[in-house]
Structures are given as structure tokens and as C-alpha cells.
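Residue numbers (numbering that gives the first Met the number 0), protein chains in the order written: chain A, 0 to 81; chain B, 0 to 144.
It should be emphasised that the hints constitute simulated quantities derived from the structure, not laboratory data.
Hints are not guaranteed to be accurate.
As the list claims (entries may be wrong) - Which residues of chain B face chain A? A partial, calculated answer using Cβ under 8 Å: (1) D4; (2) G103; (3) T125; (4) F127.
Claimed, not checked - In silico SDA-like links for lysine to any residue, alpha-carbon gap of 25 Å or less: (5) K32/B - A20/B; (6) K133/B - P67/A; (7) K132/B - F62/B; (8) K133/B - H47/A; (9) K132/B - D15/A; (10) K32/B - E16/A; (11) K133/B - A33/A; (12) K37/A - K24/B; (13) K32/B - D15/A; (14) K30/A - L42/A; (15) K37/A - L44/B; (16) K133/B - T17/A; (17) K132/B - L22/A; (18) K133/B - V79/A; (19) K37/A - D104/B; (20) K32/B - K30/A; (21) K133/B - L22/A; (22) K30/A - R77/A; (23) K32/B - I13/A; (24) K37/A - K92/B; (25) K132/B - K37/A; (26) K132/B - G46/A; (27) K24/B - G80/A; (28) K132/B - V79/A; (29) K92/B - L42/A; (30) K132/B - E16/A; (31) K37/A - T17/A; (32) K32/B - A61/A; (33) K32/B - K37/A; (34) K132/B - R77/A.
Built from N, CA and C at the ideal position, the CB exists for glycine as well.
As a plain string of letters, each chain reads:
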Amino acid sequence: MDKATKLHTGVMNIMDETGHRQLNWNMSDAKEIAAARKTFDRLILRGHTAFGARHSTDLKRAITTFDPTMEEVVMVPRIVGG
Amino acid sequence: MQGLDRAAALFKRVRGWLHAALLAKERWDRQAKLRARAEQRARSLLLNLLNDEQRYEFEAHGFFYVTGGGSRDRYRIRLDSAVNVDLLGEDGKVRYHLCARPTGDIPMYDVMAGQLLFLQDRTTETHFLAQAKKHVTLSFPPMLR
Numbered sequence: 000m001d002k003a004t005k006l007h008t009g010v011m012n013i014m015d016e017t018g019h020r021q022l023n024w025n026m027s028d029a030k031e032i033a034a035a036r037k038t039f040d041r042l043i044l045r046g047h048t049a050f051g052a053r054h055s056t057d058l059k060r061a062i063t064t065f066d067p068t069m070e071e072v073v074m075v076p077r078i079v080g081g
Numbered sequence: 000m001q002g003l004d005r006a007a008a009l010f011k012r013v014r015g016w017l018h019a020a021l022l023a024k025e026r027w028d029r030q031a032k033l034r035a036r037a038e039q040r041a042r043s044l045l046l047n048l049l050n051d052e053q054r055y056e057f058e059a060h061g062f063f064y065v066t067g068g069g070s071r072d073r074y075r076i077r078l079d080s081a082v083n084v085d086l087l088g089e090d091g092k093v094r095y096h097l098c099a100r101p102t103g104d105i106p107m108y109d110v111m112a113g114q115l116l117f118l119q120d121r122t123t124e125t126h127f128l129a130q131a132k133k134h135v136t137l138s139f140p141p142m143l144r
């Protein structure tokens, strides 16, 4: 994959028992963006917290709405005290 | 004749036990393999989220430091299954331990990644601290724990 194509792909890492599932979307494909947004909203409703960054190497910040221009999003399940 | 019947029944029972044990071992091996793969994937995600300094600390010592996004407090996240977050004082000593983690049966490295993300963000640090249980520290030098 060349650099130009890579820059237009977003990835959502969803933590689970397998280590994490990955959902990729092409930033110029409305269908893929809609699917990623749907997953994002479903997980937020389920209590996950999302952290994302415009560039994958940047520090991840908490986000509450899906931004398809973000290169990387991490979905963390609900935090509980132990 | 009766003795032979009894021996055949016993043999059948032992064969059943061995078969069940073999199936259990296969299942256990399969689960262990899946678990190891999950830990490996989670570790790669964690390493990807750490900066160079944190990555070095983690590879060398099994822990890394995080600065609280809102409080600017210093935390240490250790590779441990429970109570693995330390809140450090200005002198570098542990003030107390914190226990809070993402729910679900997720690998330990994902737990650490979740704790890192929550603590380094201004808004979620407060939420993490509100959820976390505080545990008093014993008077060991911090590097030993």
C-alpha cells in the first residue's frame, strides 16, 4: 500500500477478549464511514469510551462523536473499580 | 465369565475417562493458544500507544509512567493483574495504589492500555479516579513493587 492510500484509511481498535478487533474505513468512502460510525455509536451506547487522534502517532484524546478523518480510534470498555 | 465381564466394563470406563481427559487437554491447549495470541495482539496495541520513553521503561522494567491529563499527577502503571496503578508523590514514592480497569475478559496489556488512555486525558482522568478503589501502600521501596 503506498503512502497516499495509507493516509486516507482510518482504523478503529475495539478492545475485546481477542486482544482487539479492527475496523478499517476508507476516508473517501461514504458507505465505509457510515458503517464505522454505526459501530462507534453502538459501542458508545454500550458504555465504551473512545479515544482518537487525527494522526496515528499523536496522543489519543477522549472523543464523544465519530470523526472519520481520524487515523486511529481506540474503543475501551466501561471502567470499573476493583 | 463374570470376571471377564467385570474387566470389560472396567476397561470401557477407563477408556471413557482417558477420552474425556484427552478432549479436555485439547480444549485447554486451544484456549491457551487463543489467549496467547490475544495477549500478543494486545501488547502490540499497548506498545503502539506508548511514547518512546514509556516504551523503553516498559520493555526494561515492566511498568511505565503517565502524567495525569488534568491533575498533572504522576502515575505508574505496572504489568500486574490487579491494583497495578500507583499514584506517586513529588518525592517519587507511592502515595497509594489504584484499582480500576475496563470490564470484560480482556488481556492484561489491554487493561494497561485502557488505564493509560483514561489517565492521560483531562476529562477521563477524573472519571477513572472516581471509579478507582484506593489501596494503602506498604512501606517497600517503590522499585521493588
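Each hint tested on the structure:
no.: 1; hint: D4; verdict: violated, 49 Å
no.: 2; hint: G103; verdict: holds, 5 Å
no.: 3; hint: T125; verdict: violated, 11 Å
no.: 4; hint: F127; verdict: holds, 6 Å
no.: 5; hint: K32/B - A20/B; verdict: holds, 18 Å
no.: 6; hint: K133/B - P67/A; verdict: violated, 38 Å
no.: 7; hint: K132/B - F62/B; verdict: holds, 20 Å
no.: 8; hint: K133/B - H47/A; verdict: holds, 23 Å
no.: 9; hint: K132/B - D15/A; verdict: holds, 23 Å
no.: 10; hint: K32/B - E16/A; verdict: holds, 13 Å
no.: 11; hint: K133/B - A33/A; verdict: violated, 41 Å
no.: 12; hint: K37/A - K24/B; verdict: violated, 40 Å
no.: 13; hint: K32/B - D15/A; verdict: holds, 16 Å
no.: 14; hint: K30/A - L42/A; verdict: holds, 19 Å
no.: 15; hint: K37/A - L44/B; verdict: holds, 23 Å
no.: 16; hint: K133/B - T17/A; verdict: violated, 29 Å
no.: 17; hint: K132/B - L22/A; verdict: violated, 33 Å
no.: 18; hint: K133/B - V79/A; verdict: holds, 13 Å
no.: 19; hint: K37/A - D104/B; verdict: holds, 24 Å
no.: 20; hint: K32/B - K30/A; verdict: violated, 36 Å
no.: 21; hint: K133/B - L22/A; verdict: violated, 36 Å
no.: 22; hint: K30/A - R77/A; verdict: violated, 28 Å
no.: 23; hint: K32/B - I13/A; verdict: holds, 21 Å
no.: 24; hint: K37/A - K92/B; verdict: violated, 45 Å
no.: 25; hint: K132/B - K37/A; verdict: violated, 34 Å
no.: 26; hint: K132/B - G46/A; verdict: holds, 20 Å
no.: 27; hint: K24/B - G80/A; verdict: violated, 34 Å
no.: 28; hint: K132/B - V79/A; verdict: holds, 9 Å
no.: 29; hint: K92/B - L42/A; verdict: violated, 38 Å
no.: 30; hint: K132/B - E16/A; verdict: holds, 24 Å
no.: 31; hint: K37/A - T17/A; verdict: holds, 21 Å
no.: 32; hint: K32/B - A61/A; verdict: violated, 33 Å
no.: 33; hint: K32/B - K37/A; verdict: violated, 32 Å
no.: 34; hint: K132/B - R77/A; verdict: holds, 15 Å
This entry does not satisfy hints 1, 3, 6, 11, 12, 16, 17, 20, 21, 22, 24, 25, 27, 29, 32 and 33, going by the numbered hints stated previously.
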